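Given chain A, put chain B in place with the hints provided.
Residue numbers (this note's numbering), protein chains in the order written: chain A, 1 to 315; chain B, 1 to 493.
A couple of the hints might just be wrong.
Below 20 Å or equal to it, Euclidean Cα-Cα: the simulated EDC-like pairs (lysine to aspartate or glutamate) are [said to hold, decoys possible]:
no.: 1; chain 1: B; residue 1: Lys389; chain 2: A; residue 2: Asp125
no.: 2; chain 1: B; residue 1: Lys382; chain 2: A; residue 2: Asp33
no.: 3; chain 1: B; residue 1: Lys389; chain 2: A; residue 2: Asp33
no.: 4; chain 1: B; residue 1: Lys391; chain 2: B; residue 2: Glu378
no.: 5; chain 1: B; residue 1: Lys117; chain 2: A; residue 2: Glu54
no.: 6; chain 1: B; residue 1: Lys382; chain 2: A; residue 2: Glu45
no.: 7; chain 1: B; residue 1: Lys123; chain 2: A; residue 2: Glu171
no.: 8; chain 1: A; residue 1: Lys84; chain 2: B; residue 2: Glu488
no.: 9; chain 1: B; residue 1: Lys117; chain 2: A; residue 2: Asp76
no.: 10; chain 1: A; residue 1: Lys84; chain 2: A; residue 2: Asp33
no.: 11; chain 1: B; residue 1: Lys203; chain 2: B; residue 2: Glu378
no.: 12; chain 1: B; residue 1: Lys123; chain 2: A; residue 2: Asp46
no.: 13; chain 1: B; residue 1: Lys391; chain 2: A; residue 2: Asp46
These aren't lab readings, by the way, just hints derived from the structure by calculation. No experiment lies behind these values; they were computed from the predicted model shown.
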Amino acid sequence: MLRLITSRLISLAVTLVLVSLAIFLILEVLPGDPAAIMLGTAAREDTLAALRQELGLDQPALVRYVHWIGGLLHGDLGTSITYKMPVSTLVAERMSVTLPLSLLAILISTALALPLGVAAAARRDGPVDRAVLVFSQMGVAVPNFWIGLLFILFFSTRLGWFPAGGFPGWEAGLWPAFQALLLPAVALALPQAAVLTRVTRSATLEVIAADFVRTARAKGVKRGATLRRHVVPNALIPVTTILGLQLSFFFGGAILVENVFNLPGLGRLAYQALNQRDLVVIQDIVLIFSGLVIVVNFLVDIGYTFLDPRLRSRA
Amino acid sequence: MSKRFLAAALLLSVSAFPAFAAKSSLVVGMPIEPPGLDPTIAAPVAIREVTLANLYEGLVRIDRNGKVQPLLAKSWEISPDGLTYTFHLHEGVKFHDGTAFDSGDVKFAFDRARDPKSTNAQKQIFAPIDSIETPDPATVVIKLKETSGNFLTYLGWGDAVIVAPESAAGNAANPVGTGPFKFKSWTRGDKVELVRNPDYWQKDKVKLESVTFRFISDSQAQVAALRAGDIDAFPNLAAPELFAEFQKDPRFKAVAGNTEGETVAGMNNAKKPFDDVRVRRALMHAIDRKALIEGAYSGFGTPIGSFFSPNNPAYVDMTGVIPYDPEKAKALLKEAGYGNGLSISIKTPQMAYASRSAELMAAMFAEVGVELKIIPTEFPAKWIEEVFKNKDYDLTIVSHTEPLDIDIFARDNYYFNYKNDTFKALIADAARTTDEKARFAKYAQAQKILAEDVPALFLFQLPKLGVWNAKLQGMWENSPIPINDVTEASWTE
Chain A
1 MLRLITSRLI SLAVTLVLVS LAIFLILEVL PGDPAAIMLG TAAREDTLAA LRQELGLDQP
61 ALVRYVHWIG GLLHGDLGTS ITYKMPVSTL VAERMSVTLP LSLLAILIST ALALPLGVAA
121 AARRDGPVDR AVLVFSQMGV AVPNFWIGLL FILFFSTRLG WFPAGGFPGW EAGLWPAFQA
181 LLLPAVALAL PQAAVLTRVT RSATLEVIAA DFVRTARAKG VKRGATLRRH VVPNALIPVT
241 TILGLQLSFF FGGAILVENV FNLPGLGRLA YQALNQRDLV VIQDIVLIFS GLVIVVNFLV
301 DIGYTFLDPR LRSRA
Chain B
1 MSKRFLAAAL LLSVSAFPAF AAKSSLVVGM PIEPPGLDPT IAAPVAIREV TLANLYEGLV
61 RIDRNGKVQP LLAKSWEISP DGLTYTFHLH EGVKFHDGTA FDSGDVKFAF DRARDPKSTN
121 AQKQIFAPID SIETPDPATV VIKLKETSGN FLTYLGWGDA VIVAPESAAG NAANPVGTGP
181 FKFKSWTRGD KVELVRNPDY WQKDKVKLES VTFRFISDSQ AQVAALRAGD IDAFPNLAAP
241 ELFAEFQKDP RFKAVAGNTE GETVAGMNNA KKPFDDVRVR RALMHAIDRK ALIEGAYSGF
301 GTPIGSFFSP NNPAYVDMTG VIPYDPEKAK ALLKEAGYGN GLSISIKTPQ MAYASRSAEL
361 MAAMFAEVGV ELKIIPTEFP AKWIEEVFKN KDYDLTIVSH TEPLDIDIFA RDNYYFNYKN
421 DTFKALIADA ARTTDEKARF AKYAQAQKIL AEDVPALFLF QLPKLGVWNA KLQGMWENSP
481 IPINDVTEAS WTE
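Next up, chain A with everything else stripped away, as it sits in the complex (with noise of 0.2 Å):
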C-alpha cells in the first residue's frame, strides 16, 4: 500500500512539473510583452527598457523558468507584474471570494437537484416530470452568465433587494457578504443543478427497474420507503461521480460569472491577469487549478482502492 502511494506520488509530481513547463511555453508564444502593454502608446524606447529590466523580462526564457519553479518549491508564488504585490497575498484574498461563491453553488445545485431528479422518476411521465424535463432543458441550454444579467436586471435594478454587483468583503459582515454572492451563486448552480437533476431522474430510474427494488415491494415494502431506503442511496453513487466532475465546470463558470457581478474572485483575477498578460498571476493560477484536479484524481485513485480490494493486488 505505502509503495503504491508512493509511485502515485512521485507520478503527481513529475505530472505537475509536465504542467507547469506546458503553462510556461505556451505563455511564452502567445503575442503580448506585458512591459509594452503596461506602457501602452505612451510607450518610448528608454522607459520600456527600463521596465523590461525592472520586471526582469530581459532574461531569457530558461532562466525565467527556473526561478519562477525555485521560488514555488520554497512556497514563494512570485510576484505580480501589474499590482506588485506577492501572488500568495492576491490568490488569498480572491480566493475568499471564489471559494465560498463555488461551495455555496455546489449546495444550492445539489439542494435543487436531489429531490427534482428524484420526484421526477419517481412519478415518471407525470405532471411534475415533465416540468422538470422543461426545467431541465431550459438550464442546460441558458448560460450563466446571461442568467446573471437578467437576475441583475430583476432582483437589483427592479426590486432593490440585493446589490448590482460587487462584494463589500467579509470584514462588512457575513449577511452582507452573502447577500453578495447569493444572486451569482444561483446563477452559477442553475445550469449545473439541470444537468445533475437530469442525472438524478436517470440514475434513479435505472435503480427503480433494479431487480432489489422489485423484491422489496414484492415484500410489501410502502413505496416512500423503498425510496429512501433502497433507490435513493444506490442512485447516489453516479451522481456524487458527477458532482465531482462538475466542479470544475463550477471554477469556470465563475470566471464568467464573476465578471458579470463584479465579484473580485480568482476567476476574475485570473481574465484580468490574461488581458494584461501579468505571465506570473497566470502561471500560478492555472497550476493552482491543474493542481487541484491532479491531487483530486489521485484522492480518488487512493479512495478506489481502498474500496475495492481487487485494484490493491494488482498495483
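Quick look at chain B alone, frame taken from chain A:
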C-alpha cells in the same frame, strides 16, 4: 424575548445605515482598475483618475478649464530668457505619513522621474531640465537646457506629482501624497477607499469625508450599479447607447463633456497604397463623420479634422479641410490608379467604439469602391504587439487619450510610420516657444499640415459621458486631463 429581539434589530438597522446622517461619502465608478497607485512610474490613465488631485499634488494643477493654477507652489517667476523657473512653495504642508514637504522633495521627485532607470511614462516632461537647486526649504529653482513652452502645463500632469523619498518606493501599493484624501484600503479587483486627510494644508476646502472608487468593467453592470444606487457617480460611462436614458431621468445628472481622446483610424504610411497622399485623402473624403459618430457613439462626440482636442485653447477646427465628398474620393482613387477598386484591412480592438466605427467605415468605403476587411484584435496585448510594435497592419482604430499629444506624429518609429521633417521641426519649435500666442500659431500650422496630409483618418473626439446623482455637485464635466478630481464635490442635502 421578542421585545429584546426587536430592540436588537432596531439597533442593528441604525448602525447598518449611517446614511441617516448628512451624506459625506462618495462612491465613484470607473471602468478600469488601476494596476497600481503611483502615477509617476506607469502609464495607465486609471492610475491618474484615482490619485491625481485626490491623493497626490503637483507644484501646479490643471483646473477644470484646462488652465494652469498654483498648488504646492503658491507662485513662481520665469526668467526673461525662459530658462529659469523659481517656484515659491507653501509652508507647513505635510505628507500623509507626517513627514514635512519642502523643496528637497521636489528635487527628489523630479530627479527620480528623469533618472535613466525611471519608468515614468512622460519622461519628455523632464527632458529640458538641466539642474534643480534648493536655496531654501520653500524655494525651488529649475534651470532648463532649452526653453519649454508647455513646461508649466506638464507639471500639472500626474507624472509630475510630488512624492517623498521616505515613501516613494511603496507608493504603488500604499500611496503617500500631500492631497486632501489619504489612502485607506484597496480591495484588488473591486475598490480603492480614500478618507479625508485631517491635516490637509488647505483647511476646510474639502467637504467629503471619504471617497470610494469602484471598478466595473461591464457597461450593463455600470448602469445597474448606478440605478441601484450602489455608486453615486460614473464620470466616464462606457455605454453611450444607455446614456440618453439617464438624461431623461430626474434622479441623475447626465452631462456629455469633452475628453482629450482623439479617435483616429491610423494608417500604415510606409505601406502601399497608404504611402500615396491621394489614397489617404480619398479615404478621408469617403467618411461622413457625423453619421459615424451617430452610429458609433449614439451621436455624442465632436468631429475632428486634425489631431488636436477641441478642449485645448490652441485648437483650430480643421473638419472642413477634407469634407465628406464621395465623388471626390472616387476621383482621387482613380487618379492614384485604383479606379477599379481597392481592398484593404483594418485591425480593430474590441472596444465598442472601435468595432462600430470600423463597421460604419466599411460601409462608407464600399460606396467609393474600397473593400474594407475587419480583423478583430485583442486590446491591449495583441494590438500593442502587432500594430504598435511590429507595424503589421493597413488601418487600425484607437482613441489617443493623452493631452497635447500631437507630437506622436513627430516621433520616429511611431506606429503610423509617418515621416514629415517639416512637421517634426515645427513641433520641436512649438515646444520651445514660450510666448503663448506664437506657440498657438505654430500648433495651428501643425494641425493644418496633418489635416491636409492625413497620416491618419481623423474621426472624432471621445466624449466624457458623466452620470451622477442629481444631488451631487462639484463634479467635472470635461476632462482637460485624465482626472477624477473630487476635491470640490459635495452633497446638496
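These are the hints, each one checked on the structure:
no., hint, result
1, B/Lys389 x A/Asp125, "violated (63 Å)"
2, B/Lys382 x A/Asp33, "holds (9 Å)"
3, B/Lys389 x A/Asp33, "holds (10 Å)"
4, B/Lys391 x B/Glu378, "holds (15 Å)"
5, B/Lys117 x A/Glu54, "holds (9 Å)"
6, B/Lys382 x A/Glu45, "holds (19 Å)"
7, B/Lys123 x A/Glu171, "violated (41 Å)"
8, A/Lys84 x B/Glu488, "violated (32 Å)"
9, B/Lys117 x A/Asp76, "violated (27 Å)"
10, A/Lys84 x A/Asp33, "holds (16 Å)"
11, B/Lys203 x B/Glu378, "violated (47 Å)"
12, B/Lys123 x A/Asp46, "holds (9 Å)"
13, B/Lys391 x A/Asp46, "holds (19 Å)"
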